[in-house]
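Colleague: What follows is each chain in one-letter form.
There are 2 protein chains.
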Amino acid sequence: MNFLEERILRDGIVKEGNVLKVDSFLNHQMDIALMDQMGEEFCHRFAGKKVTKVLTIEASGIAIACSVARCFGVPVVFAKKSKSINIDGDMYVAEVESFTHKNKNQVIVSKKFLSADDQVLIIDDFLANGCALQGLISIVESAGATVAGLGIAIEKGFQIGGQVIRNLGYHLESLAIVEAMNAADGTVTFRPQA
Amino acid sequence: MNFLEERILRDGIVKEGNVLKVDSFLNHQMDIALMDQMGEEFCHRFAGKKVTKVLTIEASGIAIACSVARCFGVPVVFAKKSKSINIDGDMYVAEVESFTHKNKNQVIVSKKFLSADDQVLIIDDFLANGCALQGLISIVESAGATVAGLGIAIEKGFQIGGQVIRNLGYHLESLAIVEAMNAADGTVTFRPQA
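Here the protein sequences line up with chains A and B, keeping their order.
Note that my numbering numbers the first sequence so that position 118 is 118, with each residue one more than the last.
Note that my numbering numbers the second sequence so that position 181 is 181, with each residue one more than the last.
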């Protein structure tokens with residue numbers, strides 16, 4: 001069991017409806033030492049890949065993305081979920097449906113910050129049905145850039161997202177893959193990793 | 001002139017309507033070395049203050065907040081702008097109007113992550129009319145916690161926000177205070193700092 005799986009067992013809370021609350025350390029309150037440990041682990045798992053940018057989506061992916069980017073010595077670009085008046089007209093746009101919020105968002109990245117030369121490592125905190133990741137992949141492809149890989153903190157292995165991304169041939173690394181959760185007794189079962 | 005003022009002059013873009021675009025290094029693409037330099041500068045400016053939590057608001061304050069929190073060895077809590085089904089009922093809520101987006105948002109922090117014992121350093125990327133900061137201060141006060149200080153990357157000194165916060169007696173540190181901008185010739189004038 002790795003450090004993130006241990007932390008989930010210690011501080012995660014299982015709720016009805018396959019909701020895993022990790023808001024005390026990952027996506028509302030954030031343990032910075034844990035972010036840095038995840039950053040180093042992703043650096044290790046994607047060692048040997050050329051990475052020129054880390055791409056994430058606001059808001060809870062940003063902290064992890066910063067720790068990963070520090071290791072690689074590259075900038076972070078975060079996709080925005082709604083059109084801002086401070087964003088230029090020249091943007092990549094993808095349509096994304098949120099599993100959590102049950103709504104559709106336009107995901108936006110300025111064309112200034114992704115080019116055909118870029119090798120992009122996509123980072124996010126959660127992967128469930130994978131719509132957010134598909135939107136980010138779509139944006140990287142629109143730019144003519146290359147997806148160097150995808151790094152996720154917690155994958156819900158009982159939902160389709162991870163399998164779809166792997167079937168498409170992308171290198172996806174999830175630090176913790178939840179196979180099952182039980183709200184009645186609070187247990188979490190992880191997929192064994194090598 | 002400090003490192004952030006120099007960076008603004010080099011890479012910031014002045015647009016009509018007193019818009020300063022810093023999206024190439026601060027709030028869309030992010031230079032992680034710059035984030036860390038800002039984090040260290042805030043640590044220096046708030047040295048001697050007891051800080052138990054860093055509080056920011058999604059999304060563009062998160063990266064700076066993480067760098068500050070690393071220096072202080074404390075967690076980051078980021079306020080959320082819309083109600084999520086993954087947040088418990090027990091929340092602090094403040095009403096905030098966005099200068100950028102021209103709309104009102106509820107700003108939300110779970111009661112689990114702020115208590116009367118907390119000494120809170122509030123961090124954000126921009127200060128203009130100050131509504132976001134006022135919302136965060138309101139949330140800290142609702143928790144019975146103490147505002148240890150407020151750290152801002154870029155303050156628009158020609159708008160009222162900074163003066164209001166200082167008049168209220170809070171310790172506000174802005175790394176760059178823009179006194180004037182000229183979209184015609186692209187110049188930016190900073191308030192001199194000691």
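Some clues are possibly wrong.
Copies of the same chain are indistinguishable here, so a pair counts whether it falls within one copy or spans any two.
Stated by the list, open to error - 27 Å max Cα-Cα, derived DSSO-like pairs, lysine-lysine: (1) K21 with K112; (2) K49 with K111; (3) K50 with K112; (4) K15 with K49; (5) K104 with K49; (6) K50 with K15; (7) K21 with K49; (8) K111 with K50; (9) K21 with K50; (10) K21 with K111; (11) K50 with K104; (12) K15 with K111; (13) K112 with K15; (14) K104 with K15.
These are calculated hints, taken from the structure and not from any lab test.
Computed from a prediction, not measured in an experiment: that's the story for all the values here.
Colleague: Between copies, within a copy, both or neither: which fits K15 and K49 at Cα up to 27 Å?
Modeller: neither (37 Å within a copy, 38 Å between copies)
Colleague: How would you label the pair K104, K15 (within, between, both, or neither) given a Cα cut-off of 27 Å?
Modeller: within (24 Å within a copy, 30 Å between copies)
Colleague: Quick one: K111 to K50, C-alpha cut-off 27 Å, is that within a copy, between copies, both, or neither?
Modeller: within (21 Å within a copy, 42 Å between copies)
Colleague: Could you place K50 and K112 in one of the four classes (within, between, both, neither) given a Cα distance threshold of 27 Å?
Modeller: within (20 Å within a copy, 41 Å between copies)
Colleague: Given a CA cutoff of 27 Å, do K104 and K49 count as a within-copy pair, a between-copy pair, both, or neither?
Modeller: Neither, since 33 Å and 43 Å both go past 27 Å.
Colleague: Can you tell me if K50 and K104 fall within 27 Å by alpha carbon in one copy, between copies, both or neither?
Modeller: neither (33 Å within a copy, 42 Å between copies)
Colleague: Is it within, between, both, or neither for K21 and K111, if the alpha carbons may be no more than 27 Å apart?
Modeller: Classified as between: cross-chain Cα gap 15 Å, same-chain 35 Å, threshold 27 Å.
Colleague: One pair to classify: K49 and K111, alpha carbons no more than 27 Å apart. Within, between, both, or neither?
Modeller: within (23 Å within a copy, 42 Å between copies)
Colleague: Between K21 and K112, at a C-alpha cutoff of 27 Å, which is it: within one copy, between copies, both, or neither?
Modeller: between (36 Å within a copy, 13 Å between copies)
Colleague: First find the shortest C-alpha distance between K50 and K15 inside one copy, then the shortest across copies, and answer within, between, both or neither for a cut-off of 27 Å.
Modeller: This pair counts as neither: shortest intra-copy Cα distance 39 Å, inter-copy 35 Å.
Colleague: Given a CA cutoff of 27 Å, do K15 and K111 count as a within-copy pair, a between-copy pair, both, or neither?
Modeller: For K15 and K111, only the inter-copy Cα distance (18 Å) is at most 27 Å; the intra-copy one is 40 Å.
Colleague: Between K112 and K15, at a C-alpha cutoff of 27 Å, which is it: within one copy, between copies, both, or neither?
Modeller: between (41 Å within a copy, 16 Å between copies)
Violated hints, in rising order: 4, 5, 6, 7, 9, 11; the structure is consistent with all others.
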